[in-house]
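Starting from the given sequences, assemble the full structure and let the hints guide the process.
4 protein chains.
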Amino acid sequence: MERNIIIEKASYVPVPKRGVELVERKGIGHPDSIIDGIMEEISRGLSREYIKEFGKILHHNVDKGQLCGGATEVEYGGGKFLKPIFFLLTGRATEEAEGKKIEVQHIARETARNYLKGVVRNLDVENDVEIDSRISGGSKDLVELFLRGPAVPFANDTSFGAGFAPFSDVEKIVLEIENYLNSPEYKQIHPEVGEDIKVMGLRQGDKIKVTVAIAFVSKYMSSLQEYAEKKAKVKEDIEKKVKEITPLDTEIFVNTADHEEKGSVYLTLTGTSAEMGDDGSVGRGNRVNGLITPFRSMTLEAAAGKNPVNHVGKIYSVLAHEMAFDIVREYPQVEDVSITLLSQIGKPIDQPKVASIVIVSDEYDTVKDKVHSLVDKQLENVTEITNKIVEGKAKVF
Amino acid sequence: MERNIIIEKASYVPVPKRGVELVERKGIGHPDSIIDGIMEEISRGLSREYIKEFGKILHHNVDKGQLCGGATEVEYGGGKFLKPIFFLLTGRATEEAEGKKIEVQHIARETARNYLKGVVRNLDVENDVEIDSRISGGSKDLVELFLRGPAVPFANDTSFGAGFAPFSDVEKIVLEIENYLNSPEYKQIHPEVGEDIKVMGLRQGDKIKVTVAIAFVSKYMSSLQEYAEKKAKVKEDIEKKVKEITPLDTEIFVNTADHEEKGSVYLTLTGTSAEMGDDGSVGRGNRVNGLITPFRSMTLEAAAGKNPVNHVGKIYSVLAHEMAFDIVREYPQVEDVSITLLSQIGKPIDQPKVASIVIVSDEYDTVKDKVHSLVDKQLENVTEITNKIVEGKAKVF
Amino acid sequence: MERNIIIEKASYVPVPKRGVELVERKGIGHPDSIIDGIMEEISRGLSREYIKEFGKILHHNVDKGQLCGGATEVEYGGGKFLKPIFFLLTGRATEEAEGKKIEVQHIARETARNYLKGVVRNLDVENDVEIDSRISGGSKDLVELFLRGPAVPFANDTSFGAGFAPFSDVEKIVLEIENYLNSPEYKQIHPEVGEDIKVMGLRQGDKIKVTVAIAFVSKYMSSLQEYAEKKAKVKEDIEKKVKEITPLDTEIFVNTADHEEKGSVYLTLTGTSAEMGDDGSVGRGNRVNGLITPFRSMTLEAAAGKNPVNHVGKIYSVLAHEMAFDIVREYPQVEDVSITLLSQIGKPIDQPKVASIVIVSDEYDTVKDKVHSLVDKQLENVTEITNKIVEGKAKVF
Amino acid sequence: MERNIIIEKASYVPVPKRGVELVERKGIGHPDSIIDGIMEEISRGLSREYIKEFGKILHHNVDKGQLCGGATEVEYGGGKFLKPIFFLLTGRATEEAEGKKIEVQHIARETARNYLKGVVRNLDVENDVEIDSRISGGSKDLVELFLRGPAVPFANDTSFGAGFAPFSDVEKIVLEIENYLNSPEYKQIHPEVGEDIKVMGLRQGDKIKVTVAIAFVSKYMSSLQEYAEKKAKVKEDIEKKVKEITPLDTEIFVNTADHEEKGSVYLTLTGTSAEMGDDGSVGRGNRVNGLITPFRSMTLEAAAGKNPVNHVGKIYSVLAHEMAFDIVREYPQVEDVSITLLSQIGKPIDQPKVASIVIVSDEYDTVKDKVHSLVDKQLENVTEITNKIVEGKAKVF
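Protein chains in written order, with the numbering used here: chain A, 32 to 428; chain B, 32 to 428; chain C, 32 to 428; chain D, 32 to 428.
These are computed hints drawn from the structure, not numbers from a lab.
All clues stand as given, with none of them false.
Put simply, identical chains are the same to the list, so a pair is met inside one copy or across any two.
Calculated lysine-lysine pairs in the DSS-like style (CA-CA distance at most 25 angstroms, straight line):
1) K264 / K203
2) K131 / K171
3) K132 / K171
4) K111 / K148
5) K203 / K384
6) K250 / K293
7) K218 / K203
8) K399 / K48
9) K238 / K40
Okay, here's the thing in structure tokens:
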């Protein structure tokens, strides 16, 4: 059956050429990202277990979760944890199939704790974290569907995924600054830089302003002076980094809410604001491309935690993003591409109701058919997305 | 100080004229909407209490909450509740100011329960609902800020709000069908129609397909046959209603996942899918205009539960929406308007960093300045939004 | 099979004749009693439901539960509820049998709430109470055992029950004062008397001192003076009541921890100390005779919440108590009787491993055989205890 | 001031000479003991922290806690954890004094987890345990009282403690069997023996029957046959051990509920029945002497978790127990001694309202005064009990 792929020439001016552009990224230690990451890891952990036991990923959707911030008292050199960070894990996951039981709760807790240990280095996950898992078993019909479903699964819902490429300079800056500051290499040299890093980039005309909020870790600092020095050093590092990315005039601001003269600075025990009241919810942070881009088309779909087999909201989000980047890599004459994939519930996921591809290109007429083929081919291979997700090769936030 | 208002002529084709359009609304009884509604009501309840005690709304942001679905066994004529619906309420709210304590937990629970009773008529809120409130006290600095802050509050964050007008036919249909089916008048005649109504409208060219999912209430039905008859009747009613809204060819589908021949239909004890496993999170449902419109510019901002005083994410979302509709009402020559309001943290909220107004109009040159005045004036009066929200005159989902 | 009933002449001096005697009763509104009462009511509610659905009481033991006190701010005329009272309900109960499901959670919550409303008149159960039910399903083997077990059930465990009769004057005083102050008649006249009433009686020689702690209800009092007057009035009422019970010299103390001169008195919003921090656990309060009597033989067994079919800890406790009172009623020549019933796990409950009856009587030799018959007969009819419990005719705390 | 110490000659036959005697011990891995142990460890951990920060133990009473059993699927060689064991920790503890904050929650969780790891070797405490701590701050008045109270604290309540000595043979057997099977030495050789060991001893005349229930650990066994062999070996070990304690005819029964022919045996993943549904509550298990002795005088007082400074229920329980054993050690002519210490609220704890000492001795008249001195001296030194408890030298269950 022929796929309903519609290629159109854009009627709009691409974002990098518009007057205003706003981009945000919540780093991996931001409360919203933490809970996204936990639920996605649980999905991956469950998927691996299902494959081990049944040869197939079974039904699950653990795409709802809540982090309730704790309470700490912080001082230079250390601090105290007065109230633990609380996690509510929720969603559904197959607990039994073919007479075998799956220890869903054990996997959920183990995965969540291990993930947290990896992501927030300075959090004592054993003693300052409380987890309430309310993940419950799914319906029996769904067990069958996943065990003995068709090679190309049917869409579980009417949902859509959106993607675009390439990234503008602002988008690149925002994404790469966070990656850089949260890289193992940087942490080695600057352990005082916590994982909760929020980057916001605003372009007006050809001037960019980047605001970076960093939760510094108290135990690596002995005084306000040391804080100020380290913050200044980090700012310099960011400035150098940004020069590698864009020729545009870019100004960097770090922790603008600090009042150093009053001694009020962004100092934490653990490197995340989750320690002192900030809450987080699945799906309230970055989209699958790692960014929040209000001036681009976005879905509200929370990809994290959804099953990577038939949940089209997740699969199409990842696919649209990857497809867009494949197109501009393959066909540099495409200046900008926006993709929307709309599923039809109950139909094979390689047959979207519509795949809408909007292109900005001086060579639109010649590139059009090539893009069509590429999209068609990727839709044919849609199930590969599933493996990529399980293997951790496709990010979702 | 002059406001940074930028009026531009649109470079895009307005949505109603594009080839594909997709619109969704999650009705008031949908799990995401229920928790949105509860948190917003708590914000309003707290606001009223603060005003009563202190003459001002004090700091709070209760914009995170989670509904974990219960478990029921349903049969024609009734059913059983096997596991309660669980609510986690979270966020922060001032618990003490000027030596007076505020019974935040009591207000939260009372408001949540009363709201639920109003919104899900057939839910036994006392016995089939469990509430865990983890709303905690805010910082003392914020108490002062709210008690003795300036007449025009300072923006609490760098956030933005987006709005557009007018609604396309598909948008109108989607919104109005849900309002119609959930109106007291309709419930009087059709008590079997539950409050969890999800409407999705898809337009391709000039053909519209509307899919409506309705959780029917078991106690008003004695058999599968009665279910089928009542569903058919509701479908007819929708068809009539739609004819009043659009001349376009519109096809209506109700509960497409039903397999009547197998006896598998969308029957519930309470009228919401929250009873049997579906979870809900604040901010994952409708935007402040009541819709999810992936082809329009949207924010990820969850308005529900945020304080209506200085949380620009909420205030600018409501304001952008209302402003857009005021513009098209006042100036019918404006065919389409898109508004983005971007705040600057720490600056008065009547001074956005940028107010971007993009207009589609044949009379752009003549209407431009008028729109500018209107926007300027509304920004001047931005604090009126606060009252509207507290009085329930501005919807947020 | 003959029953192993051993009648012995006491080698001890009966408690009322000893030098020191100490007796305590925690009133129905005391945190320990509240949670005892809730779990017992849930057991009764489940029992009735099982009988309705299956004609038999099915397996359950909901004999563990925890009340975590709330927080209030109290003032004359009223007050505020700052943190709800939290209840953890736990234990096991059959959720499914013969293909029918039982809505255990619904019954548990409904019963708990209704019981609370009845017992703590001034508690807003809907808004100031949080319930977390972790009652879970029992094993499938036990379903069968209860559905198709023998007419006389087998003991579920090796447990014992203890009872004695008659009550000493101190025991009578302690029990009756609480009953009197918590009677509907007294509440009618003195609504300010809360349900949390703790009575402690100490006899040294022939002098009795009775200390009564009463949680007064703030909304029925406008001032410290009114508090003092009402407290004095209640003290007088108690003194009158006590004169009806004992000829011994008895001194009454009410709320000895009050410091009226500092304004520090026992004033509550609801009439129970559970509102402000006092916790309660099942089985930590009164024994089945309504008293705590350290100088008498007592079991640690918590009767409340246990199933009344085969849980010998509960059944033998109630039976030993009733048997003892039957003996002294029937045979007034018995001055004092102490009973211990020890079960053998897996054996019919009408065949205890040993029924030990220790008697103080001047006519021991003549009354011995009569008592033997009575005990034998009551053991034969042991299953009647089950009905008495379900019908609420046998108290358990 | 002279202490009110009353020495009396017993009017009763000592328990070892009566016809029937029943004694029970719940081993350290029994659900009731686990939660007793956790709350006691938290009290000790808090005490140490308070001493470190303030030089004094501050107010706390964390004597209520609940363990809700998990769910496992067990097979020879291993098994799965389907639902974690849940702990509710509750009570009150000073969170702030002299401007310093105490990280009560952190200490509670850390202590609880470390204790669990030590006591239940085969439990994966990180991933199969869920802790909800609802320990909350105490009143400010109490902070002052503890910081600046008198050298000999005032009794916090009217409570009593009971003790007796020496142990009968049955009591010795029951206590020592559990200690033996749970000793590190025995675990070294028999790691398959779990920590949940319940011992019940019944003496009728001079015949003793001891029933031992042991949760065996699945991973150390590969088959039913191996289970049977190991169980038989343990039984032999117990028999040998018992011969060292008593000359009386003693029969040993191990896991009498096993049906080996049906393959139904007492096999667990972790060595405690808490893994599969058995719940536990503070204060429902052993008294401070390590035993449950229904034929002896007992208090219902839960010692575990109470503060060791002014909580007379705890202090007098430990003191009465130690005093009784000191008396029989010092004066072997005392055959049996029973002690009851009754406090008077608000009075120094070295001045009980009454210390009642009942003695069985052929040399009563000569030993009487010596006992009086000993008791008087120990009361004088009552505050030493506090240190013993904090240092872990005085057991409470």
